Amino acid sequence: MSTQELRKERIDRGIKVRSDGLYALMSLRELSYLTLPRFILIAGMISLPFLMPGMYWQRVISIVCIYAVLALSFDFLSHYVGLVSLGGAFFIGTGGYVAGILNTYYGVPPVLTVPLAAAIGGIFCTLMLLPCLPLKGVYFAIVTLMYPLFMARIIEAFDIFGGTDGIVGIDSFSSAFVEQYFVVCMVLIFLFGLRRFVTTDRGLIFTAIMDNDQAVKASGINITKYKALAVFIASSMGCMAGACLTHIYMWSGISQFALDFSILPIAATVIGGAGTLVGPILGCLILVPVSELLRDFGTLRIVFYASILVGFILFRSDGIMVFIQRKYEQFERWTKI
Amino acid sequence: MNPEINEDMTKPILQMNKMSKSFGGVQALKDVSFDVFPGDVLGIIGPNGSGKTTIVNCITGFVKPTSGRVYFKGKDITGKQPHKVADLGVTRTFQIMRPYYSLPAYKNLVIPLFSPRAKRTGGWRGGGRLGNRQTIAIDILEEIGFERDSYIPFKKTSTLPTGYLKRLELARCLALKPEIIICDEVFSGLSMSEIASMVPLIQRLQDEGITIVMIEHRLRELFQVANRVMVLNFGQKLIEGTPTEVMADEKVKEAYFGSEEVEEVMTYA
Chain A
1 MSTQELRKER
11 IDRGIKVRSD
21 GLYALMSLRE
31 LSYLTLPRFI
41 LIAGMISLPF
51 LMPGMYWQRV
61 ISIVCIYAVL
71 ALSFDFLSHY
81 VGLVSLGGAF
91 FIGTGGYVAG
101 ILNTYYGVPP
111 VLTVPLAAAI
121 GGIFCTLMLL
131 PCLPLKGVYF
141 AIVTLMYPLF
151 MARIIEAFDI
161 FGGTDGIVGI
171 DSFSSAFVEQ
181 YFVVCMVLIF
191 LFGLRRFVTT
201 DRGLIFTAIM
211 DNDQAVKASG
221 INITKYKALA
231 VFIASSMGCM
241 AGACLTHIYM
251 WSGISQFALD
261 FSILPIAATV
271 IGGAGTLVGP
281 ILGCLILVPV
291 SELLRDFGTL
301 RIVFYASILV
311 GFILFRSDGI
321 MVFIQRKYEQ
331 FERWTKI
Chain B
1 MNPEINEDMT
11 KPILQMNKMS
21 KSFGGVQALK
31 DVSFDVFPGD
41 VLGIIGPNGS
51 GKTTIVNCIT
61 GFVKPTSGRV
71 YFKGKDITGK
81 QPHKVADLGV
91 TRTFQIMRPY
101 YSLPAYKNLV
111 IPLFSPRAKR
121 TGGWRGGGRL
131 GNRQTIAIDI
141 LEEIGFERDS
151 YIPFKKTSTL
161 PTGYLKRLEL
171 ARCLALKPEI
181 IICDEVFSGL
191 SMSEIASMVP
201 LIQRLQDEGI
211 TIVMIEHRLR
221 ELFQVANRVM
231 VLNFGQKLIE
241 GTPTEVMADE
251 KVKEAYFGSE
261 EVEEVMTYA
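Quick mapping for you: the protein sequence lines, in order, are chains A and B. Take 1 as the starting number for the first sequence in the numbering used here and just add one per residue. Take 1 as the starting number for the second sequence in the numbering used here and just add one per residue.
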């Protein structure tokens with residue numbers, strides 16, 4: 001039989017169907033089918049700092065986690081609320097400066113500056129973005145891209161908060177162990193928290209706003225309120241990551257408003273799989289170490305980096321996670337047309 | 001009839017007073033006034049572009065009128081935000097259906113059931129207390145014609161045919177326990193049999209005391225359910241009256257068929 005008379009079809013694996021809903025409790029096999037991927041992710045993330053050779057790579061893992069939180073917040077905003085935000089750098093910078101100011105000017109210890117930076121920074125970012133909430137798609141993206149540039153120039157021009165030198169002498173985390181496990185736990189908590197949140201009734205409203213905001217208005221729901229809530233969640237995640245970055249480097253400066261923090265999370269989301277929430281974390285786990293490995297090539301690094309991205313966008317545009325998930329849940333077979 | 005909805009049958013529940021709206025140089029509405037009484041089914045007809053949908057948009061706050069006022073139960077609601085108007089119980093459907101395509105059908109109703117109004121009223125059949133939103137959603141869908149046994153409420157919205165999407169539009173209004181439903185062409189794009197099953201549904205809603213404003217092109221079915229009809233032409237009100245009065249009116253025939261062709265069409269009819 002020639003291939004022209006055949007076509008590939010995808011069918012859900014039996015175990016996937018059997019482990020839907022309550023039936024998962026029937027046997028250990030079904031239960032492990034559901035829990036194993038989650039267990040591998042959690043165990044993998046927790047053991048990562050152990051597996052890394054030396055201080056340098058352990059530091060890279062912390063940076064991976066910071067980017068992962070940013071990528072998570074980007075994925076949540078763009079694929080569950082429909083607001084494409086390029087404001088990663090804005091969130092990181094705001095969180096970083098809030099933590100730095102609290103720590104050096106008011107002597108607040110890192111244990112408190114991180115959650116405080118998440119709350120204060122989140123409120124600040126939400127207030128700044130409030131006028132742009134009626135905007136959609138690319139227009140929202142443009143405005144959010146402007147904010148980090150705007151903040152950096154203000155700090156530079158008015159010479160506040162240390163000006164171009166930044167704030168120095170910020171306390172670090174009490175030990176490398178605390179630093180790494182704090183960021184690893186932060187990623188895991190945000191990941192599972194968001195995954196749970198988007199399936200609740202309140203989380204569905206965000207999906208509905210993305211699908212059709214007019215219908216949500218006609219349902220008697222104030223969409224500006226919910227968009228603001230979504231921006232607050234995303235920006236306080238970013239600010240928390242920024243506060244961690246400040247304490248890791250013991251410094252906060254205007255380079256925290258650099259556009260890397262806006263662009264890399266998006267690249268990671270594209271590679272990992274948009275809309276999966278796990279995907280962006282996988283993307284960061286690949287992209288950040290790769291960019292470290294490519295350091296030896298100097299400026300050529302960007303060329304390699306860009307080639308990887310273009311390759312992914314062309315040949316695996318749905319992302320690694322979507323591909324893995326499909327292989328895990330479905331099998332393919334040839335059938336006669 | 002539900003006594004708590006219609007306290008006073010003689011006072012208009014919805015009033016439009018000298019409403020005008022222009023988009024740039026185009027005058028979409030010009031001094032349109034009408035009253036809707038509790039329990040009414042008011043039909044609004046008119047040729048394409050005569051301003052029917054603009055009326056809906058002006059009432060529900062999606063468009064701010066240039067001049068004129070809208071009153072709901074004597075209270076001025078002109079220019080209020082759409083979600084505040086919906087919160088009062090003035091709900092609408094969209095001519096171009098606006099479901100949430102990425103969600104299953106029943107989860108479309110979880111959204112309106114999450115609104116402050118649904119929390120107060122408990123949804124269509126709710127007695128003031130809101131239970132599990134997903135259960136209520138499926139109940140509403142079943143009542144409005146989604147067969148529960150065939151799993152249609154659980155299907156992804158993007159796979160549903162037009163007939164179900166139009167019902168979903170109505171269901172979204174019902175989830176808010178509405179006082180008024182403004183239907184923007186619920187019959188358009190449906191097959192004859194689908195329309196035939198929609199007509200009793202509209203009549204049932206009317207029996208339950210919901211005031212209905214219907215914008216429609218399907219005159220035969222509209223005249224079955226409406227007790228008053230208003231005709232619009234070029235943004236102006238031509239005539240308002242019972243279906244029989246409107247059908248007999250010369251101006252209406254002219255608006256629909258053009259002045260020269262009237263006699264020709266009438267000879268065929």
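What the hints contain is simulated information worked out from the structure, not anything from laboratory work. Any given hint might turn out to be false.
Straight-line distance between alpha carbons at most 27 Å, and here's what the computed BS3-like set of lysine-lysine pairs gives [unchecked claim]:
1) A/Lys16 to B/Lys84
2) B/Lys156 to A/Lys8
3) A/Lys225 to B/Lys11
4) A/Lys225 to B/Lys80
5) A/Lys327 to B/Lys155
6) B/Lys75 to A/Lys225
7) B/Lys119 to A/Lys225
8) A/Lys136 to B/Lys237
9) A/Lys136 to B/Lys64
10) A/Lys136 to B/Lys11
11) B/Lys84 to A/Lys327
12) B/Lys156 to A/Lys327
13) B/Lys155 to A/Lys8
14) A/Lys16 to B/Lys155
15) B/Lys11 to B/Lys64
16) A/Lys136 to B/Lys75
Remember, predicted model here, so these are calculated numbers, not experimental data.
We went through each hint and held it up to the structure:
1. Between A/Lys16 and B/Lys84, the direct Cα distance comes to roughly 44 Å. Violation of the 27 Å bound is thereby established for this hinted pair.
2. In summary, the hint linking B/Lys156 to A/Lys8 is supported, as the alpha carbons are separated by about 23 Å, within the 27 Å threshold.
3. Among the hinted pairs, A/Lys225 with B/Lys11 is inconsistent with the structure: their alpha-carbon atoms are about 35 Å apart, more than 27 Å.
4. Between A/Lys225 and B/Lys80 the alpha-carbon distance is near 16 Å, which keeps this suggested pair within the 27 Å criterion.
5. Between A/Lys327 and B/Lys155, the direct Cα distance comes to roughly 24 Å. Compliance with the 27 Å bound is thereby established for this hinted pair.
6. For the suggested pair B/Lys75 and A/Lys225, the alpha carbons sit about 25 Å apart, so the restraint of at most 27 Å is met.
7. A hinted pair counts as satisfied when its Cα atoms are at most 27 Å apart, and B/Lys119 with A/Lys225 qualifies at roughly 17 Å.
8. The hinted pair formed by A/Lys136 and B/Lys237 fails the criterion: a straight-line CA distance of about 37 Å is larger than 27 Å.
9. Between A/Lys136 and B/Lys64 the alpha-carbon distance is near 21 Å, which keeps this suggested pair within the 27 Å criterion.
10. A threshold of 27 Å between alpha carbons decides the hint, and for A/Lys136 with B/Lys11 the separation of about 42 Å lies outside it, so the pair is violated.
11. Distance restraint check for B/Lys84 and A/Lys327: the Cα-Cα separation of roughly 47 Å exceeds the 27 Å cut-off, and the hinted pair is therefore not satisfied.
12. For the hint linking B/Lys156 to A/Lys327, the alpha-carbon distance of about 22 Å falls within 27 Å, and the restraint holds.
13. About 24 Å separates the Cα atoms of B/Lys155 and A/Lys8, which keeps this hinted pair within 27 Å; it holds.
14. With a CA separation close to 19 Å, the supplied pair A/Lys16 and B/Lys155 stays within the 27 Å bound.
15. Distance restraint check for B/Lys11 and B/Lys64: the Cα-Cα separation of roughly 25 Å lies within the 27 Å cut-off, and the hinted pair is therefore satisfied.
16. The hinted pair formed by A/Lys136 and B/Lys75 fails the criterion: a straight-line CA distance of about 33 Å is larger than 27 Å.
Of the numbered hints stated above, those contradicted by the structure are hints 1, 3, 8, 10, 11, 16, listed in ascending order.
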